[in-house]
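Engineer: Sequence:
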Amino acid sequence: YGDHRDLHKEYRRQRQMCIRDRLLGPQLVAAGGKTVSVDAALAKKKNVALLFAADWCKPCRDFVPKLKAYYKLASRRGLEIVWISASRSQANFDAYLQEMPWPAVPLAAAPAVIKKYETRGYPTLCFVDVDDVGKVITCDGVQKVMADKHGLALPYRAPVDKLKRALRSVVALVRGILGLFGIGKKK
968 YGDHRDLHKE
978 YRRQRQMCIR
988 DRLLGPQLVA
998 AGGKTVSVDA
1008 ALAKKKNVAL
1018 LFAADWCKPC
1028 RDFVPKLKAY
1038 YKLASRRGLE
1048 IVWISASRSQ
1058 ANFDAYLQEM
1068 PWPAVPLAAA
1078 PAVIKKYETR
1088 GYPTLCFVDV
1098 DDVGKVITCD
1108 GVQKVMADKH
1118 GLALPYRAPV
1128 DKLKRALRSV
1138 VALVRGILGL
1148 FGIGKKK
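Here the sequence shown is numbered in this note's numbering, starting from 968 and rising by one per residue.
Please keep in mind that the hints were generated in silico from the structure rather than gathered at the bench.
Beta carbons: idealized from backbone N, C-alpha and C, even for Gly.
Check before you lean on any hint, since a few could be wrong.
[Unchecked claim] The following label-pair restraints were derived from C-beta to C-beta distances:
1) Arg1142 / Lys1116: 35 to 45 Å
2) Val1138 / Thr1002: 58 to 68 Å
3) Lys1083 / Ala1010: 50 to 60 Å
4) Lys1083 / Gly999: 49 to 59 Å
[Unchecked claim] Computed list of lysine-lysine pairs in DSS-like fashion (alpha-carbon distance at most 25 Å, straight line):
5) Lys1035 / Lys1131
6) Lys1083 / Lys1111
7) Lys1082 / Lys1025
8) Lys1131 / Lys1013
9) Lys1039 / Lys1111
10) Lys1082 / Lys1039
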């Protein structure tokens, strides 16, 4: 029974890696040009936000310092931000990346991610579900960050989503308890 759970956990981990790769690509780049796999960058993160921004965008330049202060506090709660750039050149991308403490999707791969998430303006900050990889929780992240400067309300789920997650947890707990007594096991 325990081996089955381990196999299921590994299957879910492998599935999430595959989905992350399809959404963001296999590699991210950090300041200095260092590459890191998407899986390594997002491993053990409880919350992931996608920042759609550009070096030429004045509102982005105004928002990023505020987001950096937020990130400093919220990263302690398991937040990772991934920058998806609309920069017009590799040199501009590299220079702006130096200002950010989080990794970025490589510039060449960014247009495909922007298209997948149907980003229409900059800056846009989307919080995505780490359990249901790729599912957007909210793309009102800029407003959420401005209203919650310490990240205390992460991950900004709608009340109905919170209820669904709580119910799934209760069901799993009840099944676990019943399993201890041999109830509900398939023969």
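Engineer: Which of the listed hints are not met by the structure?
Structural biologist: Those not satisfied are hints 2, 3, 4, 5, 10.
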